[in-house]
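There are 2 protein chains.
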Amino acid sequence: MSANLSALQEKYLQAKAKNLALDMTRGKPGAEQLDLSLDMLNLVTAIDYKTAKGEDPRNYGGLDGIAETKEFFREFLETDSADEVIVGGNSSLTLMHDTIAKCISHGTVDSAKPWGKEEKIKFLCPAPGYDRHFAITEHFGFELITIEMTNQGPDMDMVEKLVASDASIKGIWIVPKYNNPMGTSVSDEVVDRLAKMTTAAADFRIFWDNAYTVHHLSDNEDVVKNLLHACKANNNANRVFIYGSTSKITFAGAGIAAMGGSVANMDWMRKHLSFSTIGPDKINQVRHARFFGNYDGLKKHMKKHAALIKPKFDIVIDILQKNLGGKNLATWTNPNGGYFISLNTNEGCAKRVVKLAAEAGVKLTAAGATFPYGKDPKDQNIRLAPTLPSVEEIKLAMEIVCLCVELADAEKNA
Amino acid sequence: MSANLSALQEKYLQAKAKNLALDMTRGKPGAEQLDLSLDMLNLVTAIDYKTAKGEDPRNYGGLDGIAETKEFFREFLETDSADEVIVGGNSSLTLMHDTIAKCISHGTVDSAKPWGKEEKIKFLCPAPGYDRHFAITEHFGFELITIEMTNQGPDMDMVEKLVASDASIKGIWIVPKYNNPMGTSVSDEVVDRLAKMTTAAADFRIFWDNAYTVHHLSDNEDVVKNLLHACKANNNANRVFIYGSTSKITFAGAGIAAMGGSVANMDWMRKHLSFSTIGPDKINQVRHARFFGNYDGLKKHMKKHAALIKPKFDIVIDILQKNLGGKNLATWTNPNGGYFISLNTNEGCAKRVVKLAAEAGVKLTAAGATFPYGKDPKDQNIRLAPTLPSVEEIKLAMEIVCLCVELADAEKNA
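One line per chain: the protein sequences are A and B, in this order.
As numbered in the working numbering, residues 6 to 419 make up the first sequence, in order.
As numbered in the working numbering, residues 6 to 419 make up the second sequence, in order.
Derived from the structure by calculation, the hints contain no laboratory data.
It is possible that part of the hints are untrue.
[What the hints assert, rightly or not] Computed, partial: chain A to chain B, Cβ under 10 Å:
no., residue
1, Gly32
2, Lys107
3, Pro316
All values reported here derive from a predicted model rather than from experimental measurement.
Cβ atoms here follow ideal geometry from the backbone N, Cα and C, with glycine treated the same way.
Make a model of the complete structure from these sequences and hints.
This is the structure:
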């Protein structure tokens, strides 16, 4: 055994002896972030609850939201009109799941038949990506095709080649800005190529989950080109479904979600929604609309979030740099926004790192979770979620993560 | 033309000249009913928002609800444990739709394959019944089979005969108490026969929409036998999905909904829900739990509703009795609870009555809406929804409705 390996093992045993219980698994806002929106709970009361137009939000009706939240999400999702927006319940994940469910049961406006009547459906999954996206399409029995993520977005050479020839490929998952887990954003070129590419399936759909569109961590904000505009310019207006929510803006469990797209797509969704609901919770929409005031109010609010979580991202990056920098053991992202840092170990080490960290009291997202079927072909990607723990907890956790990276690598080369 | 017909036509023209604009179409609570729950909006504030156990409801998590609302709905849905309950978003209709969607995409715990992979699916629709139920199953392409409603519930001789021999019949819609539109409740015998009957389909499901379980209009409350218990006693524990919500208890747009059933059924639903949501709006659940306090609080609250809407039901019945009583022109129900009165004209008159009333400024639910495919084979059923208009408006509207019944009948016999 090399001196290095035994020294690392010694250090690891010492770390383990501390009996820590730290969690960096999920992208949950911290309590102090939730506190930023507490005033919202006081903005609708027994004597003051009506919409901006003076309508009563307490009764049934209003399938796709009240006017002021539709306008809010028109700006948020960057659509051209409020008709291109549907405001839903508390979860954009539900809207995505339900869109796919309706594609399966009935087909899109451009489908010859319901997706469920096709022999086989395939879906493109740029990876590393968001496990809950991949899980929806796996749950419905689609074949998931991994697309390599570059710093510009999905590998478009591969995307274009696949969708041009295979009509069973019906869609692609994309988080355009500050994506999960890399924190990078798609380039203008990727947007243009997505909008323009020829697809063998006439009903190909881009699921554009703009979850982090206002979640900047720096004044150097990423700007993503408007995909709906690009699709319209290329006569592919129906190609994209856009999603967003206030889950990581107000309350993660009690925010409001919305989707956007061409009027044809939104009318299709409204028609299907009319069978499953009479309408969303409009009182919570009033609460949100009053809290933000307008879109500038949202931007100011997001700066408060950034002030709280930027130090957490900084400490992760600092410790990674201090402990692993220049050692050829790992690379990591340093995003301008979003909720995650993506750590890549050398090949074949990620699972071992996550296991070692868990045994030393630091829970990390399962290795492989960021890939289709939970399988990272190179076993190297680890998603770090720094928002929920405190700075002190992150310090402790990251020292251990770095130690585990060193140890796993040394074990492998022993 | 008979003297009677011309006299009725004369009266109708006079009524029309009043240019009324009245609406008795949908089962919406009136504004004064919504006012009963206004205090709920003050019960969660920026400094006081936690669950009974002191948990923070603002973040992600809690797939099937917080403890106190699960317990509340355990009583409401009459299940044996909180594990037999899932608390969802703001709509029980959504829970019903989604249950069926999951049966189609994946099948129940007792299905050999997903319903969507079957050649044909049929569904039993006791009628007159709730149009939105029928619409869900029609939307998914099921064949709807009309079952006659008796005062005891669905015609069980027919139900038993059909389900025993036809494995493509996968379920039945039932509103057990104060049903829409008749206001009647199922008898103990119907409950027992539903629980006991032999079904050719191993995965046959009863969709038990207990929408009006606490919506009494009289101290003479209907009591419905517990179907889940009866199913368990007959080794058919998975046969029933139970639904309910506070839509017509607190706020129709911003209430909370829940479903119940065997642990196997609820675990099945929880598993599927885990792909489509991270959890429901828990803050609104805190609000509701605090508002009711406990189940007795709910009962007291419902008495306030009854005090507001009973006079509306009474005036409908009074005017029907005064104008149509003893004339062999129509029959109607006089329910102990619920949201509707069902009016049956003589055969072949309902559409004409609704049209005449509309032209005289009184909007009624479309004739036929209470039957599968919107087609009432005898063209005689009209659903009256008295909760939204004021007593004065109902008086005006019902005088016209009665006149239209007389006129339509006279026209037919002319």
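Against the structure, the hints:
| no. | hint | result |
| --- | --- | --- |
| 1 | Gly32 | 9 Å, holds |
| 2 | Lys107 | 9 Å, holds |
| 3 | Pro316 | 20 Å, violated |
Hint check: a violation occurs at hint 3 only; the rest are consistent with the structure.
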